[in-house]
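Trainee: Residue numbers (our numbering), protein chains in the order written: chain A, 647 to 929; chain B, 38 to 255.
These aren't lab readings, by the way, just hints derived from the structure by calculation.
Keep in mind the model is a prediction, meaning the values are calculated, not measured.
Glycine included, every Cβ here is placed at the ideal spot set by N, Cα and C.
One thing to keep in mind: the hints can contain errors.
[As the list claims (entries may be wrong)] Pair ranges (Cβ atoms, derived):
| # | chain 1 | residue 1 | chain 2 | residue 2 | range |
| --- | --- | --- | --- | --- | --- |
| 1 | B | 43 | A | 651 | 22 to 30 Å |
| 2 | B | 92 | A | 815 | 30 to 38 Å |
| 3 | B | 150 | A | 803 | 46 to 54 Å |
| 4 | B | 254 | A | 651 | 57 to 65 Å |
[Unchecked claim] Every beta carbon over 10 Å from chain B, so not counted as near; a handful from chain A, in silico:
| # | residue |
| --- | --- |
| 5 | 652 |
| 6 | 840 |
| 7 | 844 |
| 8 | 924 |
[As the list claims (entries may be wrong)] For the chain A half of the interface with chain B, some residues (derived, Cβ under 8 Å), not all of them:
| # | residue |
| --- | --- |
| 9 | 834 |
| 10 | 839 |
| 11 | 841 |
Each chain, letter by letter, is given below.
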Amino acid sequence: MQTFVISVVTIAISIGILGLFLIIFFNLNSFLSSWNQQVQLIVYLEDNISPAQKNNLKNLFGDNSRVLSTEEVSKDRAWKEFRLDLAGKSELDLDLGFNPLPTSYRVRFKSSDDRLLHIREFAEKIRSEPGVESVEYGENWINRFEKFMVFCRVFLMATGALLSFGLILIISNTIRLSIYSRQEEIELMLLIGATPHFVKIPFLLEGMLQGLSGSMLSLGLLGIVYYYLKNEFQTSIEAIAGGMDFQFISQPFLLILVGASMLIGLIASYISTYQYIQVLNKR
Amino acid sequence: MIQLFNVVKKYGSGSPALDDISLKIGKGEFVFLTGPSGAGKTTILKILFGWENFEEGQVLVQGINVGKLDAENMHTLRRSIGVIFQDYKLLSKKTVFENVAFAQEVTNRDRKTTKFKTWEALKNVGLTPKKDSFPPQLSGGEQQRVAIARAMVNAPPIILADEPTGNLDQEISLEILKLFEELNRNGATIVFATHSRDILKLGNHRVIVLNRGKVVSL
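Excised from the complex, chain B in its bound form:
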């Protein structure tokens, strides 16, 4: 499902952000990606959804050779991935409902299905009562649940989460983790980047440890 072969990524002339990384994540797996700040967790995720280039190596996602994709065809990769960010990346001028529906509108899904799927996604994350609220009116945990609903609404086979609990307290973080585990039970492959030991302990999943751009343990 996800394979990286000897991937090297450099920013400027300093030491590489990713230094000869090779790893494999199977279909339906739940994997934690961990390591200190600057270890390369976010860079790997960005490379996986085609938001960053890399200098050497090969990356395969769902059989797509990411390095060979041009700008015009990048959407084919991104439609098979749901991405969740630490800062949620919600549109503050759209309601909760509109934010989730937006992910379907860009794929030209018809209005009726969009409405139905949005309801379903909001129900799964327990946010139907807040559907008309705007993101700034929500708590951090609620905003992250909106982001999860948006990522799952198109039922992508892969979900990448970049420090999704980074801004949340432990109780809310556990709730969010449970949501990811449920998505995983429904068949999605989850790559969950975190530097929180508590989260790693709470979730009993495979852990890939990174340090200074290298894989320390698989």
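Bound-form chain A, shown alone:
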């Protein structure tokens, strides 16, 4: 019983670590997607853009079914907004004697899962149009964030693999202890004609039960921590990323975690019982 409890607690800690990483990952992902929905494309125009070139751009925006709205920002309005933004934030003298900002279009897109990809493709198309000076949609920042998310994914997988390997070792040792504590009974079972399968089943079930109990315990504790953090920090999170909800591990991943944990228990106990029976039956 003691070894069972130790094993369950170890599994709970390992699954807890993995679960914590998953929560962080999910929330970063959700932050990225909520931020993505706010991304708009700004098309800066050359000062000497001709009316025909402007019309051509307007047509391009109009022909794109995923464009929600287009707004033209004149040089004067851009300068006004810039000065307003900076007011009180900087002591810079902004009286340059001329307006350095170009006229631009602010293009908003409809919400969709591949919204960012579409903006990226559309930006590339617009960039080469005559009369366009440059396009801007926070490309560098998004690229960096996406690279970071790829790193997170790899990190999660590596941590998951390492923890799984560690868990297999721990559970197989616990099951081995359990086998030794029932050695007399197992030997007798084999002596009187039990199949290896018959001997293995209780231990396989024990391994799976350890996995199930460990993962449930850990997810229960993670749930408590999650609700505490959500109550304490939801307002601050909303202030940073408007409309973003602090998320728990999604249901499919919860099932995957519990399933993987039971599978690890099964594999670990299979290894120990298989080795033990092989030795006993062919000593």
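With chain A held as given, fit chain B onto it using these hints.
Mentor: Okay, now just chain B, sitting in the frame of chain A:
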């Protein structure tokens, strides 16, 4: 039924525990296996039910080539053999009834038949009044009778007994011998390992004598 051909068994690098043993035991025979300690009696029995490997030779039990059986299929051999040990090998936390029923549970026999067969086996060894007792509460002779009931409950064609009277006084030993003889009369082949001359004298059966891993007389 049981055949050994030039069997050699070694433990480590010393002299072999079984040295080129060949013997044959026919169906329905009652055979005593005797010899001093270390002669190889227990080793032969262990080889017969697949609990020990051997280096050379061939062993056939009920037509099964024991040396060729892998761990996954060993149960097919063991289900045709009932084994009785000097130290009884009873599970101390199970009752007498549960110990005997256990031998059927591992073969997945249904509950109703298990109950019936267990009763029958306990009746044959005269232990029904003790069915709810635990092994430590029984005398040596009673414990050995439980072990015999467990070995016979699945009606195996072969029964191997390793010094089954080794811990018992003469009167009880005679009772136990009679139980084996009754099993033999019912058709079981019995291989009874003992070093007790009294038992050999009491039972009028074929005797195979071993000494230092060799067959001295068949």
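Trainee: Could you run down the list of hints and mark each one as holding or not?
Mentor: Status of each hint after checking the structure:
Look at residue 43 (chain B) against residue 651 (chain A): about 54 Å separates their beta carbons, and that is not inside 22 to 30 Å. Range check, residue 92 (chain B) to residue 815 (chain A): Cβ separation about 35 Å, and the 30 to 38 Å hint holds. In this structure, residue 150 (chain B) and residue 803 (chain A) meet the distance hint of 46 to 54 Å, their C-beta atoms being roughly 53 Å apart. Roughly 59 Å separates the CB atoms of residue 254 (chain B) and residue 651 (chain A), a value that falls within the hinted 57 to 65 Å.
Listed as a non-interface residue, residue 652 (chain A) keeps its Cβ farther than 10 Å from every Cβ of chain B; the least gap is roughly 24 Å. Not every C-beta of chain B lies more than 10 Å from that of residue 840 (chain A), the closest at about 4 Å, which undercuts listing it as non-interface. Distance check on residue 844 (chain A): its Cβ comes as close as 6 Å (rounded) to a Cβ of chain B, failing to clear the 10 Å threshold; non-interface status is violated. Not every Cβ of chain B is farther than 10 Å from the Cβ of residue 924 (chain A); the closest lies at roughly 5 Å, contradicting the non-interface assignment.
Annotation: interface hint on residue 834 (chain A) holds; nearest CB of chain B at approximately 6 Å, less than 8 Å. The interface hint given for residue 839 (chain A) is met, as the beta carbon of that residue sits about 4 Å from the closest beta carbon of chain B, less than 8 Å. The beta carbon of residue 841 (chain A) is positioned within 8 Å of a beta carbon in chain B (closest approach about 5 Å), and the interface hint is therefore held.
Going down the numbered hints, you'll see the structure goes against 1, 6, 7 and 8, while the others check out.
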